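When you get a sec, could you build the whole thing from the sequences and use the hints?
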Amino acid sequence: MDQNKIPNRVTYALAGLSALLFFWWLLNDPTRDFIPSLPGLDNRGKGAGANDTVNIGELFDSYTNDYTQLTETWPRFRGEDFDNISKSPIALLDKFPAAGPEILWSAELGEGHSGAAIYKGLVYMLDYDEKEQADFLRCFSLVSGKEQWRRGYKVHVKRNHGMSRTVPAVTDSFIVTIGPRCHVMCVERATGNFRWGIDVEKEYQSEVPLWYTGQCALIDGQTAVIATGGTALMIGVDLASGQKIWETPNPKGWKMSHSSVIPFVFGGRKMYVYSASGGMAGIAAEGPETGKVLWETTAWNKSVVAPSPVCMPDGKIFITAGYGAGSMMFQLKSDGDGFSVSPLLEYKPSEGLACEQQTPIYWNGHLFGILPKDGGSLRNQLICVNPSDTRKVVWSSGSEKRFGLGPYFMADHKIIMLNEEGTLYLLKPSLSGYVELDAVKVIPDGQDAWAPLALADGYLVLRYSKKMICINMRK
Amino acid sequence: MENDKLKSRREFIRGSARLSLAIALGSIGGWSVSSMTSEKWVWQIDPFTCTQCGRCATDCVKTPSAVKCVHAYQLCGYCDLCGGYFKPGSNALTTAGENQLCPTAAISRIFIEEPFFEYRIDEDLCIGCAKCVKGCSSFGNGSLHLQIMHNICDNCNQCAIAKNCPSNAIKRVKASEAYKVKGSFTKEG
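Chains as they are written, first to last, in the working numbering: chain A, 798 to 1272; chain B, 268 to 456.
None of these hints come from the bench; they were simulated from the model.
With a straight-line cut-off of 30 angstroms between C-alpha atoms, the simulated BS3-like cross-links for lysine-lysine are:
id	chain 1	residue 1	chain 2	residue 2
1	B	Lys354	A	Lys1049
2	A	Lys917	A	Lys1225
3	B	Lys430	A	Lys1170
4	A	Lys1198	B	Lys438
5	A	Lys1189	A	Lys1130
6	A	Lys1170	B	Lys438
7	A	Lys1198	B	Lys449
8	B	Lys354	A	Lys1189
9	A	Lys943	A	Lys1264
10	B	Lys430	B	Lys307
11	B	Lys354	A	Lys1052
12	A	Lys1264	A	Lys955
13	B	Lys449	A	Lys955
14	A	Lys1238	B	Lys449
15	B	Lys354	A	Lys1145
16	B	Lys449	A	Lys1263
17	A	Lys884	A	Lys917
18	A	Lys951	A	Lys1264
19	A	Lys1238	A	Lys1225
20	A	Lys928	A	Lys943
21	A	Lys1170	B	Lys354
22	A	Lys1170	B	Lys449
23	B	Lys449	A	Lys1264
24	A	Lys955	B	Lys354
25	A	Lys1264	A	Lys1225
26	A	Lys1145	A	Lys1225
27	A	Lys1041	A	Lys1067
Computed spacing ranges between beta-carbons, pair by pair:
id	chain 1	residue 1	chain 2	residue 2	range
28	B	Thr371	A	Asp826	16 to 24 angstroms
29	B	Phe315	A	Phe820	50 to 58 angstroms
30	B	Thr325	A	Leu817	33 to 41 angstroms
31	B	Leu342	A	Thr850	35 to 43 angstroms
32	B	Phe315	A	Val1232	26 to 34 angstroms
33	B	Asn418	A	Thr850	50 to 58 angstroms
34	B	Thr371	A	Phe820	29 to 37 angstroms
35	B	Thr371	A	Gln1019	56 to 64 angstroms
Computed from a prediction, not measured in an experiment: that's the story for all the values here. For every residue, glycine included, the Cβ atom is placed at its ideal position computed from N, Cα and C.
Put into structure tokens, the structure is as follows:
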């Protein structure tokens, strides 16, 4: 009798133990030691920003008014026609002299990537003076490099992969600049007299882009055009008075990117094309509807965009960005009453033309650009593509010719390119292959030579991290 | 006569013993000196040759891999948008899990001051997948890079990762210079 009970008891005990273990297993949370990755674990501060008052235009130093007046201009980012192609008839070097090109002068700059604008013998550069803790618009003689004057304002800017980043916009009468922390300043070109300023971050509750302002100011006729982000997407400001002429609403809350506003005429309408952080839009640029959104798309929505849109005559708009974003090609169509925009292509940086910082050049029906570091086997190479399919590479510069983030433009039927370490290349633009005419190191220990190039009257102005140099490129 | 024979035998045995002892001591001393002076060799990754293929995470005989990410702080830009921390196109620059590139959350970021952040690697969590290294190399200064940790590595005769490394980035190096940390180590050739 007792012997029969023992197996039963053992069975019941095992069953009970199993049930207990099962419930323990059910109740035991295997993720109890996990720490959820939630926003805020970095203990991010509220940020410095718009609390300090900046008196735009408060500082002025005059040095000399001795300079040689010349005739040509490179008045803004990407030149007169926004295509980065100089129309100057002056013949330039096909090959550098054995001793290297003639370096006319150099000037010390604050750390950064801002580029020069040139107007009839004067060079304008927005620089950050770390010692003075101030943005300064500096004016130099193009021929001698003598500094003429500087106009600026105190503002605290920390080193963040350089400080200055933009190119001034210059007309015969005015100069407009945008500083690292979105301070817009307008001065008289000839004298440097201050006219007006806007603290965009404060006035429009904008966010200063990640690596400070990269947007270069645009002057269109008598209007300064600034893409503000924040409470307005874009504004037009009267150059002479500083009065706001129009403001484009920004209901979607798009933010200011590092990209610049590009004027474009299509379907009989002039418009400003802007790639914001949030989307891309075309804003009416003339007539009673100036400032109105003609078309917009959120299909292009990247967190960091530095290159500007490349607008082509048939309504194609190519836009690209770094940090893994890749590129998109849009087709803009005009139906008489309005515009529609639709994506034609979207791809990763390793699948076709893509650029991280510089804007590609549209020449002879083709696009030329340097691929980013994540551009696959063609990374950092100069490539040529047809806009009908920018994924098909017409030619590339080859594995021995990689250029990084340096700038390039065209002049005198040449591509003039500076790699980020300071070697200057002369290339023959071609649709059939990479043709290098010559190359020379112009900056001995160059680094971060990213700023756009400027050329007028045969004088090439370029810069690297801390110095600007002027090279005589005349034949 | 008999005593002389015994004496010479004893002397012979003593002499032999002394000689054996001297040889033994000499051998031990020589071996010790030799092992103290001869250089040991270990496996290490050349960060400038590494292509971040991901095989360090999968091909090492150790689980998790003896390869870990290390951070050269002097090269780091302390960026808000860190290509080694955030997935490309992440929704927001926050520490939310969906924004992070590291599959094991081995990288933490700490706010220093606007707009700078410090990035730290938790070696216990790191599996050596190199995703962060790829991001940092593509979009940053390349301050994140992989190294074989010799407190974990078995120093196999034939390193399983070196055998399968597509760029031959893993080589034998002297144990006295066991790490090739960027900043102190610069590109060869």
